[in-house]
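Asker: Here is what each chain is made of, one letter per residue.
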Amino acid sequence: MLEMKNVYKNYGTYQVLKHVDLCLDEGIYALLGPNGSGKSTLMKLICRQLKPTKGQILWKHKKIDDWGQHYFLDIGYAPQQQGLYEDMTGLQFLTYMALLKGIEKKKLKNEVNRVAQLVNMDKFLKQKCKTYSGGMKQRILVAQALLNNPSLLLLDEPTTGLDPKERVSLRNVLSHLSNDHIVFIATHVVSDVENLAKEIVFLKDGIIVGKGKKEDLLKQFQVHCLEDVYLKIFGDDI
Amino acid sequence: MMPLIKYEFIKMRGRKSFIVILILLLLSQFFLFSVSLNQKIPLSAYQKFHQTLLSLPNEKRYEFTKKEYEKYQSFMILEQLTQLRQNEQKNASIIEELLQENPNVENYQQEYISNHQPQYTSSLEQDAQFLEMMFDEMTQLKTYFQYIKDIQQQAQQLSGISIFQSHQNQNEIERSAKDFQKLTHVEVTYDIQYPLEMVFSFDFTSLFLVIIVLSLSYYLIMEERENGLMNLLKLSQNGYMKVIIAKFIVMFLITSIICFLVYAGKLGYMAWNCGLGDLSRSIQSMAHYRQCPLQMNVKQWIGLMIGFKILVLSLLGIIMMNLCLVLKNRILSWISILVFFVVEVFSYLMIHPLSSLYLLKYINMISFLQTDIYLKTYRYISVFGLPTTLYHLHIFIIIAGLIFGSISCICIYVCKRDFSLRNAHFVFKHCLHLSSLCSFEFYKMIKIQKVGFLIILSLFLQYYQYHHVSVYMDSESSIYQSYMQYLQGPLTDDKIKWIEQQQDYFDSLHQQIEKIENNINLTSQKKQSLKENISMKLIGENVFNDVKEQYEWIQKHPQAEFVYERPYEEYFLSSSWSLAPSLMLMIFLSLSLYQVINIEYENHVNEVSQITINGNHRILELKIIGCVIIIGIGMSIFYGTPLIFLHSVYGFSSLGASVISIPTFRSLPSVLTLGHLFLIDGLIKFIICMSLTSFLLMISVKARHTMTTLFISLCLFVIPLFLIYNQIDCFKDISFYPMLNCIQYCIENPILLIVQIMISIIVMILSLKKVFQQYFHVL
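So the sequences go chain by chain: A and B. For the first sequence, position 101 matches number 101 in full-length UniProt numbering, and the numbering has no gaps at all. For the second sequence, position 530 matches number 530 in full-length UniProt numbering, and the numbering has no gaps at all.
Hints were generated in silico from the structure; no laboratory data involved. Predicted model only: the values in this text are computed from it and were never measured. Built from N, CA and C at the ideal position, the CB exists for glycine as well. If a hint is listed, it holds; no wrong ones were tucked in.
If the Cβ cut is set under 10 Å, some of the chain A residues that face chain B in the computed set are:
hint : residue
1    : 88
2    : 109
3    : 141
4    : 144
5    : 147
Computed list of lysine-lysine pairs in DSSO-like fashion (alpha-carbon distance at most 30 Å, straight line):
hint : chain 1 : residue 1 : chain 2 : residue 2
6    : B       : 90        : B       : 531
7    : B       : 702       : A       : 63
8    : B       : 702       : A       : 54
9    : A       : 18        : A       : 51
10   : A       : 54        : B       : 770
11   : B       : 770       : A       : 62
12   : B       : 769       : A       : 54
13   : B       : 447       : A       : 105
14   : B       : 515       : B       : 527
15   : A       : 51        : B       : 770
16   : A       : 130       : B       : 450
17   : B       : 142       : B       : 376
18   : A       : 213       : A       : 5
19   : B       : 299       : B       : 149
20   : B       : 142       : B       : 40
21   : B       : 769       : A       : 51
22   : B       : 40        : B       : 376
23   : A       : 130       : B       : 447
24   : A       : 51        : B       : 702
25   : B       : 769       : A       : 63
Chain A is faced by these chain B residues, among others (derived, beta-carbon under 8 Å):
hint : residue
26   : 437
27   : 448
28   : 603
29   : 605
30   : 607
31   : 612
32   : 615
Make the full structure from the sequences, and use the hints.
Answerer: Put into structure tokens, the structure is as follows:
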């Protein structure tokens, strides 16, 4: 279980996140918000790439800093930025990431093939990353996040650059993971998550302005679809 | 148009790989240039000779050169005679033959005995070679007007011969006579041509400029094609044609700037080291330009050479731009230009000037690039029956090429609809199998960060630097080496006996001289002649005195041995064997290591790698181990080569002997052996390299920006040594130079060396600590 208690994050005097309280257990969670609402910052706080200015983040009831390096065994993260070694092949990149994640050498090949198949990249693994399209790069990043079957999967804008077929494929993969994993997806594309997420969190200017199941939110905002909820919350910003 | 040009410049500035290639090639060419200058005759010789010429009036310069040349040629023969006379009975016939062939040698015997130190270089042989070259040049200048006269006479003679009666032949003969007729009033100044000639004839500069211009053109076009922006640009109002024109202009401007900087740098370097001479002198005052029919001074000639180079390189740039526009594949554009060059080189080398295909030899990129050759060669070529000088033909072809190339570029750009690139889907079936973090880090360093390429380049540079070097030993040094080769090792009874015999031999020679002086029956002339003969045998005595001095020292200090000290003194004390390798090592380390940490920041891979169990300490440890290995490789390449070279020339023997066996090392503790000195030298050099590397890694984690790291590292590591290399000695004590020349400082200033070692270790520890803290820095 991942818990965030009264989390604040400031960059100098600018408050990016304010009073964030969240509790995530197994299932898929969507973090919806427009650009600049603090989604990526929240993801980075969970990944320990940033430190909260105030508040606590707990993993399995223990502060994430107290887990030391072992915390990283439990998480998989696909960042928004498509960072790859351009001169490596997809296979080399995934193998490298698998080694960084401490996967045993004898399991390397199977694990890399498994995640590559999940994102339909197994046919392109021998090409250099610089020859990949944006969508292919995104799939490789998701694949590396899936390596070692992490309990907590953090995906920041995972559908960027994917074609409709790939989006559906990714949704299927994620829905299979929902039973025994926590999957936290940050996005501003409502359709990507509306039928997938167990709970949806709306983030506006660093503050959680709404959260709950899809049905509850529709009732609360008295609308027929999630996109209307989004428009009601962020309508002023659009 | 101006804003478009500005943005093209900004785009080029952002191409890091181009900037790195540019820096690397410019540094390499400058290094090769400076190495090639000192390979045979040191630049200081030219400077000294040039200064002497300047102090003389123009009409006396030839006579002076002639006298100097004759003197040193005679010294060389006397040197030979001295060595032969060490075994006079065996070599009697050769000695006689030499004396008969060179009767004037006797005139210089007295001068040779009193002082035969080399005046311009470090050895008599080099002095003689150098003066021979200078004398040849001056003779060509002296005979210049005779040469013009000969051309006129030849023209008259040839025009009367029946086989040259055709209209074309008559025209060519008349034209040659006319071209040179106007040069009869040219003023010839006797001065050296070497500095200017070297600046423009050094082939590596052309090669590197070609690579730079090809890369520049490639980046200018492929930038947009790679990003798919070319199609987008064409849709805009200005993008239709102005963009491609802006690209031409930027290519031309950058080529001009680089070309100008390269040649200005080289000219400045030569002016600083040996002077360029009077720039207002006529071009015919450079001996190798006697065939040049152009009436201009050296200053104008320099401008013309640089101008030609810019035009030729621009033409090449336009050819590459055409290829980049036409071809759909990045690699194919490089392969095409390579094939083009192979064909051009083949045509240039294989086609004979008299063959029917001779035009392909002259209308050729290799021929165009050799600007210095076609300006100094007077040649008429028949182009479809029309006689044209090589010089005019080249100008015409280059300008026509520029115009047609530009038009073709514009046409392709305007007419072509699809500029998307076809990715080279090369499937690496035998893809390198990497299965450990260690092998991945090694792969990233060698392949992705191009350290492998740097290692190969370094090996090539080292080979190039040393394979031409020859060490000359004068007669005294040769005698000393033979003495020491016999004596080396601990003192034994046999060696004592040999020393005593040798002492007796020299004493007997002195007695003979005394006897001759006291002999009243001999004429003074005869006395002089006999004494000179014996004096020649006494030349080895000075050297023997050094041996005796060592012998006396060993008697007082039993732990000392006979050691041939020259290789040790050269390697540990002479800056010529340590400074250039150190400078090269620093450039190598800066360029190899500036990306080690930044590669993750640049690619944003750190965002995923740092949240893995091995992505923190483990990866950093591996990076540091990688750095240590690269330092080891760099040190082996740059310090190992001079070591191997000196060993092959002199031989490092007696490694187990105490350091006090060598006179210059006597201030060091006697417990140290010569082998220990190598270990200490290597260790201290390693400490400073490690300290600098740690500092570089710290800059990387602080700056998190590749180019900033590269810039700071070049400023900190390379510039101090570069300044010292150029004899700005005030930087010696305040830079890390003492640690790179540690044995010398061990002797001369051990306190400074100890302080520097302490500071280096502290810097290394603090930097590494900072690296470990900052690499996982959480904001």
